[in-house]
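Chemist: In case you want the letters, here they are:
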Amino acid sequence: MNKLKTAVADFGWPRIIIFFFVVALFVAAPFVGVRVDGALSDVLARFGQNGILVLALVPMVQAGAGLNFGLPVGIIAGLLGGTLSMQFGWTGWVGFLGAVGVSLPFAVLFGWAYGLLLNKVKGEEMTIAMYVGFSMVTFFAILWLLLPYSSPNMVWGYSGSGLRTTITLDGYWTKILNDFLAVRLGRFFVFPTGLLAFFGAATGVMWLFLKSKTGTAMTAVGSNPDFARAGGVSSDRMRLVSVVVSTVFGAVGILVYQQSYGFIQLYQAPLYMAFPAVAAILLGGASVNKASMVNVLVGTFLFQAILTMTPNVINSVLQTDMSEVIRIVISNGMIIYALTRKTKVSK
Amino acid sequence: MSAKEVSGAKAPLRVGTRRAAALVLVAAAYLGAGAWAMLTGKSHTILVDNKPVAGLEAFRLVEVAVGRQEPVELGRGERDKFAVQGQRHRVKIDLMNGTEPVTTTIVLPYDAKMVLLSLPKLAAGVEPAWEPFETGQDAPPPAADELPEELFGAAIDPAPPESVGD
Amino acid sequence: MNTPFKLPSAARVRRFAADNVVVLIFLFVTAIAVPSSKLSGTYIIQDLLTRYGRNAFLVFSLLLPIMAGMGINFGMVLGAMAGEIGLIFAVDQGIAGVQGLLYAVLVGAPIAILLGWIAGQVLNRARGREMVTGYILGFFMDGVYQFVVLYLMGAIIPITSKAITLSRGYGIRNTLGLDSVRQSLDKLLMLKVGPFTLPMATYLVIALLAIFIVWFRRTKLGQDMRAIGQDQTVSHSAGIPVERTRIVAIVISTLLAMVGQIIFLQNMGNMATYNAHRQTGFFAAAAILVGGASVAKATIPNVLVGVGLLHLMYIVVPPAGARLFGSAQIGEYFRDAMSYAVIALALALHAWRKRANAESARAGLRGAASGAVDPAKTEGGAA
Amino acid sequence: MPDDTPLLSLEGITKDFYGTTVLRDVSFALRRGEILGLVGENGAGKTTLMRILFGMPVIAETGGFGGTVRIDGRPASFRNPFDALDAGIGMVHQEFSLIPGFTTTENIMLNREQSRRNVAVDLFGPRMATLDRPAMTARASKAIERLGVELHPDTLVSEMPVGHKQFTEIAREIDRENVKLLVLDEPTAVLAESEAEILLASLRRLAAQGIGIIFISHRLHEVTAVADRVVVLRDGQLVKDTSAKGVEVREIAAWMVGREVDANARVRSDRSFGGPALEVEHLWVDMPGETVRDVSFSVREGEIFGIGGLAGQGKLGIPNGIMGLFAAGGEVRLHGKHVALDAPRAALDAGMAFVSEDRRGVGLLLDESLDWNIAFTAMQVKGAYLRRWLGGLFSLRDEKAMRALAEQYIEMLEIKCTGHRQKAKELSGGNQQKVCLAKAFALEPNLLFVSEPTRGIDVGAKKLVLDKLRHYNRDEGTTIVMVSSELEELRAICDRVAIVDEGRIAGILPPEAPLADFGLLMAGERAAEASA
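Residue numbers (the numbering used here), protein chains in the order written: chain A, 13 to 359; chain B, 127 to 292; chain C, 839 to 1221; chain D, -12 to 519.
Be aware that one or more of the hints could be misleading.
As the list claims (entries may be wrong) - A short list of chain B residues far from chain D (calculated; beta carbon distances all over 12 Å):
(1) Arg144
(2) Leu149
(3) Glu189
(4) Glu196
(5) Thr230
(6) Pro235
Said to hold, decoys possible - Pair ranges (Cβ atoms, derived):
(7) Leu380/D / Pro160/A: 34 to 40 Å
(8) Gly378/D / Ser163/A: 19 to 25 Å
(9) Leu159/A / Ala856/C: 44 to 50 Å
(10) Pro164/A / Glu260/B: 55 to 61 Å
Hint data in this document are derived by calculation from the structure and do not stem from the laboratory.
The model shown is predicted, which means the values in this text are computed figures rather than measured ones.
All residues carry an ideal CB built from backbone N, CA and C; glycine is no exception.
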């Protein structure tokens, strides 16, 4: 009984409530005329679509640099990769992998600069990261207008210059991962094999990275920077590595997201992209200074399940669209809950 | 000591009553300000109406002013409106025929959004000269219903990749 | 013992630049943008005068939490929401003019106090990361606000006017016309000076607020806030109720933000029901930081300078962008990027300086008695 | 003042923490205008005694205390420090509790500001009163004057020299109208000689005004200079309560440290050492609270070198500085080779290892398992416990090897745990200390720093830890530098013992040297005088 109590306290009431909320949504779905198999298919697609962005948060949390509200820095690198690949006229797998390849050097460069800044401001990372992300996004909004992109599929038709706000990936690499080896079961259920395999591979890479010497040192820095220092590990360097890795995953994550979504969204679109990812990982049981692969998987699944199910189920029940409110309250409530919890590092 | 020290311990009772009195004062000020704002700030629309009514003739031409607002001229059967705040209003009627303008004060009920003020009645001294005016719709027809934009909706998922149930 | 020695003048210039780098960058950008915008001086000044009246009050609401060591109160958007709810009721009740504003303030006040108290409690549990928590709290409450205004108003909370409700019968429309109170405070005492019109009543309200803040700093409570802002542990051991005082600072800030938002909206003349508050915290934070304030120290001149500089940039950059790049859009993105970057830079500079100070303070402990002081090591402390 | 009731009397004060007795039947009294010098080693019970006097909540939380505290003859029991303040007891702490951005006046009057009532007070309570700055300045000036020091009321604390901060703090305590008893805990520790003189003079002035003063200091010559009476605590017991007149510093030092010496502890027959292993010259270290100012010594190959001294004097700074954990300067050579400071990696690569005194802060990854804790440093420094893949392109943790290592040390050091996967925070203090030792041993160092190895662990574990160190030294030939507050412990296992005082080495003694000599060195007397 006592054990159960501490387990519950460890996991936190908000998470448990949300978990049962999701279960209740699935149970209620058939009664209000929502097909469970269709919904599940939806959830799986979104799970794979968003997962890598959530995964990108792990290294910085582990290194003690907090929740990466500056994820848009990586997203911008991904957008650069995607648009450049399109500009070069690459399509299909070449296009997608080319986009990933092109975005990586940008991600490393941005991440490195961003990491240097975060190392100077220990203790205030999260607020500053947020505003670094915001300014990066708005700054790049200018570049989207000015850079000499010329592919007619991407630039505004009437002026012939400046990228459109939304660029369709049709004819390039729309759903290239989703459709790869996808299995269709019945009318409503599609299993996006390629997408989930890619997400799985990314998770595996992150898992291996955390098991490496560097990954171990990073975790120790986050767990107890003084211990790591006494063990001859430079915490600044480890934090820098964690920021770079996080940014790289952010870049890959947005490319995966876009191929599933079918569009590249530019300008203000990436502004708030870090928030749902942060909410998801916290929902999965991570704290501000500890996160695991399980947190990522569970959190992304739960969060996407809420996003998919609430509009369908709640709206049918209440005859009104309250999903937006529920989403805002749950995702931000989760973040506040994590921020106000006493950090569990025992000292 | 020149400075009077603030101390709760020395005269707890006195401070207590002073405090209570002060709180009552604050409450009264809050309610008073609210009442003042509501009474004097409540907006009403007065429709001034120059039509024959209940055996009274309409005027050929009349100039009417409510409060300090610009007067308007009304021909027979014409109607205009004044937006006013507060309940008590002076209405000045000038028949433009050399007779002295007539000034009357009308008092409207608080919750009357719009009243129809009959000028013939007012000039004839019939009480009350106004009646509540109900319209089918008290506002211009609403434009297309607008719902709030999403906060970071676009980021989460603007449209599901495949909508449920095909 | 440690008589502060005179810095060489080059070092002094460098130090001044480091302390005011944010202001200097802004001056530089606007200095380029003003001539290239080709706007007339009269236009710019008139617009600035209007924007002072519209925004200054909101920025003032950030002062007290900074004084209490809680950083920039991004949770001030809660106050803005309270003000908007007040205005919704004022419009619904058909209370017009300055009375309508007063009514909105009276309705908003208890809501702001309640929200401020909640925010204070939350921030007390998030010591050391007040700013990011306040920011997210704003998002969270945005959801609650939407729930109340979009679903409860007209359904459970009585709303009489059909003009402001959605056609489905409940919920407030996306845009709320504020014609009944539009610029009623500004117009109360309009002063014409040459080509300019000055909303003196609004200025008067702002001046009263400034006087209040000056007075407040001199009260016991203000003194306690200053003490807590510098060292919570010492304040606590001296018997100052730290948590309570921090809550009071947030409550006052929320109340002021509520009034500030009402003043802001009466000038705008209409209100985006679900969006009006979202950028409030951002603009106020950018303004106070541009004015040279830091997360730990902010003064009334910071507010006044900051509102002026930030809005000068907001006026001149889009037309300048249009002339230089052929796109006003670029100017708009540029000013947003600048504002975001300025917040990031100001926060980063402060965090970085705080660490540098802590290090030099530790070096000071070593004492001058040591014969083996490594000169390379003490440089950070002296310079 | 012809009043016979003592201002303060402590009667039979007894206190234990979880079964460990820290104070046993302590009784003494203090009259008005008297200065009482309270001396004792660390852990003698001074701090606990003062906590009891001030009603610190920690006392009640740990089961209260036995005996009676009387103020003016009436029994007093304070529930919190504010009660004590109200009763007229002031305390000046070792670390400053001042607001840096406030002026002298504002700090002296902190939370006791003079204020003027106004309308807002009635509306929103007394905290809305406006401050009466002239009145505050006047009062602060009065307190400063009473102290008899030069202190400007409008100087910011952040711009003051250390001494003035100390005076500000004392002025704050004596500003209270009813203050009658002042406790000063090591007030001169941070002061220069001349400043300390001024402070002592102020204390005499205050005493002359009828205030009773308890003066806690390890600088015994200051105690003899200023105190009317000296009370010596040792191991929780009062060993001496005597008039300060005619008492020699050397005598007090002997009372302070003089325990019965364990006769059979000395087994030191055939010790022989090689050349110098570690040479330290003009070392300074910026470790907060343990500042090292100028330290030089050398350790011979195979030796166990002890470093002792009172808390706060800098003994802990020495290993922390050499290992690069705090900013440091000077010259350190290991086997003749220069070791870079400010870089933990350099120290580790040179073959040194460190068991930190801050077990939970620096020594352990509390939230991680034992195998992580033990293997981490060796993995990072030596690349051990890694398995390489793709021809060494990348390498992953070798969980199996880590487990084997952890199990080896769990057995060797008799670590009581559920297994190598247990989290470090779940172990007891003694077992945590053993994990720290295992971590250092796993590095196979040629020089091992051990800092406070027995702090906060029980007797059985203490013995085991010390035995392991001794055996490690004997079997592996590893040179050990051991830093400890327990003089006895140092004398039991070390070949030489250095005593650190105020950031410098006061002297190096063989363990057989008379106890009083150690005491004198700790008390800040020069080595020359001690050996005289």
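Chemist: Each of the hints needs a verdict: does it hold here or not?
Modeler: Outcome of the hint check:
no.: 1; hint: Arg144; verdict: violated, 5 Å
no.: 2; hint: Leu149; verdict: violated, 7 Å
no.: 3; hint: Glu189; verdict: holds, 51 Å
no.: 4; hint: Glu196; verdict: holds, 44 Å
no.: 5; hint: Thr230; verdict: holds, 45 Å
no.: 6; hint: Pro235; verdict: holds, 36 Å
no.: 7; hint: Leu380/D / Pro160/A: 34 to 40 Å; verdict: holds, 39 Å
no.: 8; hint: Gly378/D / Ser163/A: 19 to 25 Å; verdict: violated, 42 Å
no.: 9; hint: Leu159/A / Ala856/C: 44 to 50 Å; verdict: violated, 34 Å
no.: 10; hint: Pro164/A / Glu260/B: 55 to 61 Å; verdict: holds, 60 Å
Checked against the numbered hints given earlier, the structure breaks hints 1, 2, 8, 9 and satisfies all the rest.
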